[in-house]
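So the protein sequences, as listed, match chains F and D.
Counting in this note's numbering, the first sequence runs from 90 upward without gaps.
Counting in this note's numbering, the second sequence runs from 13 upward without gaps.
It is possible that some hints are incorrect.
With a cut-off of at most 16 Å between alpha-carbon atoms, the simulated EDC-like pairs for lysine to aspartate or glutamate come out as follows [what the hints assert, rightly or not]: (1) Lys91/D to Asp257/F; (2) Lys201/F to Glu63/D; (3) Lys263/D to Asp249/F; (4) Lys255/F to Glu63/D; (5) Lys201/F to Asp92/D; (6) Lys91/D to Asp249/F; (7) Lys167/F to Asp117/F.
Just so you know, the hints here were simulated from the structure itself, not pulled from any lab data.
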Amino acid sequence: MTKTMIVATFGVALAASVAGASAGTLDDVKAKGFIQCGVSQGLAGFSQPDSAGNWAGLDVDFCRSIAAAIFNDTSKVKFTPLSAKERFTALQSGEIDVLSRNTTWTMSRDTKQGKFAGVMYYDGQGFMVRKSLGITSAKQLGGASVCTNTGTTTELNLADWFRTQKLDYKVVSFEKSEEVVKAYDAGRCDVLTTDASGLYAERLKLTKPDEHIVLPEIISKEPLGPMVRQGDDAWFNVVKWTYFALLSAEEAGVTKANVDEMKAKSENPDIKRLLGKDGSFGTDIGLTNDWAYQIVKLMGNYGELFEKNVGETSPLKISRGINALWSKGGLQYAPPIR
Amino acid sequence: MAEDHRSADEAPRVPWYNDPIWRGYVFQGLTLIVVAGIAWTIVHNTAVNLEKRHIAQGFGFLSTTAGFDLAQESISFPKDASYGRALLVGLVNTVIVAVAGIVFATIVGFLVGVGRLSHNFVISRLCTGYVELLRNIPLLLQIFFWYFAVLGVLPSPRDSIQPVPGWVFLNNRGLYLPEFRFGGFAGDGIFYGLIFGLVVSWFVRRWASKRQMETGQPFPAGWTSVALIVGLPLVLFAASGFDLTLVAPKKSVFNLSGGIQIIPELMALVLAISLYTASFIAEVVRAGILAVSHGQTEAARSLGLSHGQTLRLVVIPQAMRVIIPPLTNQYLNLTKNSSLAVAIAYPDLVSVGGIVLNQSGQAIEVIAIWMAIYLGTSVATAMIMNAYNRRMAIVER
Ligand SMILES: N[C@@H](CCC(=O)N[C@@H](CS)C(=O)NCC(=O)O)C(=O)O
Numbered sequence: 090m091t092k093t094m095i096v097a098t099f100g101v102a103l104a105a106s107v108a109g110a111s112a113g114t115l116d117d118v119k120a121k122g123f124i125q126c127g128v129s130q131g132l133a134g135f136s137q138p139d140s141a142g143n144w145a146g147l148d149v150d151f152c153r154s155i156a157a158a159i160f161n162d163t164s165k166v167k168f169t170p171l172s173a174k175e176r177f178t179a180l181q182s183g184e185i186d187v188l189s190r191n192t193t194w195t196m197s198r199d200t201k202q203g204k205f206a207g208v209m210y211y212d213g214q215g216f217m218v219r220k221s222l223g224i225t226s227a228k229q230l231g232g233a234s235v236c237t238n239t240g241t242t243t244e245l246n247l248a249d250w251f252r253t254q255k256l257d258y259k260v261v262s263f264e265k266s267e268e269v270v271k272a273y274d275a276g277r278c279d280v281l282t283t284d285a286s287g288l289y290a291e292r293l294k295l296t297k298p299d300e301h302i303v304l305p306e307i308i309s310k311e312p313l314g315p316m317v318r319q320g321d322d323a324w325f326n327v328v329k330w331t332y333f334a335l336l337s338a339e340e341a342g343v344t345k346a347n348v349d350e351m352k353a354k355s356e357n358p359d360i361k362r363l364l365g366k367d368g369s370f371g372t373d374i375g376l377t378n379d380w381a382y383q384i385v386k387l388m389g390n391y392g393e394l395f396e397k398n399v400g401e402t403s404p405l406k407i408s409r410g411i412n413a414l415w416s417k418g419g420l421q422y423a424p425p426i427r
Numbered sequence: 013m014a015e016d017h018r019s020a021d022e023a024p025r026v027p028w029y030n031d032p033i034w035r036g037y038v039f040q041g042l043t044l045i046v047v048a049g050i051a052w053t054i055v056h057n058t059a060v061n062l063e064k065r066h067i068a069q070g071f072g073f074l075s076t077t078a079g080f081d082l083a084q085e086s087i088s089f090p091k092d093a094s095y096g097r098a099l100l101v102g103l104v105n106t107v108i109v110a111v112a113g114i115v116f117a118t119i120v121g122f123l124v125g126v127g128r129l130s131h132n133f134v135i136s137r138l139c140t141g142y143v144e145l146l147r148n149i150p151l152l153l154q155i156f157f158w159y160f161a162v163l164g165v166l167p168s169p170r171d172s173i174q175p176v177p178g179w180v181f182l183n184n185r186g187l188y189l190p191e192f193r194f195g196g197f198a199g200d201g202i203f204y205g206l207i208f209g210l211v212v213s214w215f216v217r218r219w220a221s222k223r224q225m226e227t228g229q230p231f232p233a234g235w236t237s238v239a240l241i242v243g244l245p246l247v248l249f250a251a252s253g254f255d256l257t258l259v260a261p262k263k264s265v266f267n268l269s270g271g272i273q274i275i276p277e278l279m280a281l282v283l284a285i286s287l288y289t290a291s292f293i294a295e296v297v298r299a300g301i302l303a304v305s306h307g308q309t310e311a312a313r314s315l316g317l318s319h320g321q322t323l324r325l326v327v328i329p330q331a332m333r334v335i336i337p338p339l340t341n342q343y344l345n346l347t348k349n350s351s352l353a354v355a356i357a358y359p360d361l362v363s364v365g366g367i368v369l370n371q372s373g374q375a376i377e378v379i380a381i382w383m384a385i386y387l388g389t390s391v392a393t394a395m396i397m398n399a400y401n402r403r404m405a406i407v408e409r
């Protein structure tokens, strides 16, 4: 909590004062043999420890994909759970190598706090209320008490939205999501607001999930993606192209199941470059040439990760919507590998 | 003290570099240079590297628009208020918790501390149990306990408890009280009457104790003060024709609007923090009273002082000398512990600072502000306490 933050901040000061001594993050990661990955403190579908204590979720799988690309081994990741408030300090101080924690890409974060390497999930902010209130639109929320997280874009959008709607509201903002959910469940607030994906995940934690509904309004753009430190291009490239490799594999129809066959037989030039049979794209970014093959072989493509963690077959039952590939009417788009 | 008769030229001659005084200066000077050098390197390096990472520095961000709202805005916090203003709201909220906590903790602590010394078996056992229980449970747990107990017990706004029907409401959004709106000069009159009453009482007390020293005649300074402090504002209020309107909270769709709202986070925090600190204060008080030897009481009684006078004039002043320094410590602890507010959404200085830090990215600046404020309070308290101690310490003759 606060103590971690203070430690982390001194970390920033100290790390900042000794930086230059350390090589790039990619070399560091290779030397220490694992990736330190910052995730949430528990958000179903994105990053949450399962009953055996293993981290699972879309954001978690992204970090495992980087490990597959670098180490050919998805277990070479250590996870650091972070609250929304702690995350950027943890990244800047070097406590983590990559922040993969439903973090919204905004201009100030992208220019002052770090760099975004992609958008794992296109989201938007929504509201959840009790069915018993009989409310059907967010425009009826004037005077309501709203529970949310501190240190998020959520609390800023909330203030903006109620202002532009000329409605009154009372905010109650907690540092930890766990507390937000508990307080909302206990009746402290009429409304719970966060990223829509988060609402579906948090609803599962309520005592009676069926007694709550998500209102139709989406009040913001929340492109959630992985973030790295500024000024480290080699590492930025690895993280960014891991994401693009996941998308390219889906677009080319390469899956966890058929990747070996594709690698052996495919004559498609796109697939040959992706899987490292043509060119030196992998070695050029400091990895082995079969980096993308390893990602798909060990983890799957973007669509597979989406389905497994948040899709229709998961407890969250989220449809692809705008997160479909561009070729299928969505926004997910990877530049060509060449 | 014996005088040193040796004159200067009789002193054994030592080369200057062996002279302890010179050596002292040289080594202290060197240490200073090294420390300053290290400090400079850290500051300079940090600045250079922050710049490399495009992290802006300086306190300019304090005037940037904050863009978020706070659960308790004790001073006005308009839509376009700045980060600096947000921190100020946080500071005021911290002061509110600290003051309310100190008042309650002191009252409960004194009662329990005296209770532990009671001859009544049940009372003394109850008080011992209180101290042992509360002292040994981590404060954070107690805060959560009270918060969710408060939330769990209180009804929703629709079925508020109404201790004074139509005026006071209690529900899981907090305690709603009517707002006092003074008209005409009533507000000013009460305020200045109170101040004037306080000042005059102080002079009356001084005069009374001086007179008692000189003539032995006691003067009821206590009652006079009460009369002044309560009476003056009352008279002025009456003169304004009791110009006061009460604005009651009204039910609206979700919550109540109007009136004054005390949020459950504040209630839980003050409750938890004062009951916890009271358990320490109780021990301080008990120790203070036990420190006054029984002989003092016996001596006072044999001089003919009544039981009340013995307590007031002999036992308590001596006990206070023992009680006050550790008591101040407890007050400081309470103030610092109030930063646990962050766990239950009470927007105190640390919690708001955390938001500012996160939204602006100015970590080092925000931490510097935190440290300056908390250090400042601690140092100020310590200085006041030392001054008090010097005055109260037994003067040896
Ligand atoms: N996307 C927003 C909000 C992110 C956020 O922290 N959301 C909360 C509520 S869904 C969360 O992730 N909680 C999980 C946790 O704290 O572990 C941002 O980047 O500021």
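A quick look at each hint next to the structure:
no.: 1; hint: Lys91/D to Asp257/F; in the structure: 12 Å, holds
no.: 2; hint: Lys201/F to Glu63/D; in the structure: 10 Å, holds
no.: 3; hint: Lys263/D to Asp249/F; in the structure: 26 Å, violated
no.: 4; hint: Lys255/F to Glu63/D; in the structure: 40 Å, violated
no.: 5; hint: Lys201/F to Asp92/D; in the structure: 22 Å, violated
no.: 6; hint: Lys91/D to Asp249/F; in the structure: 9 Å, holds
no.: 7; hint: Lys167/F to Asp117/F; in the structure: 14 Å, holds
The structure fails hints 3, 4 and 5 (numbered hints given earlier, in ascending order).
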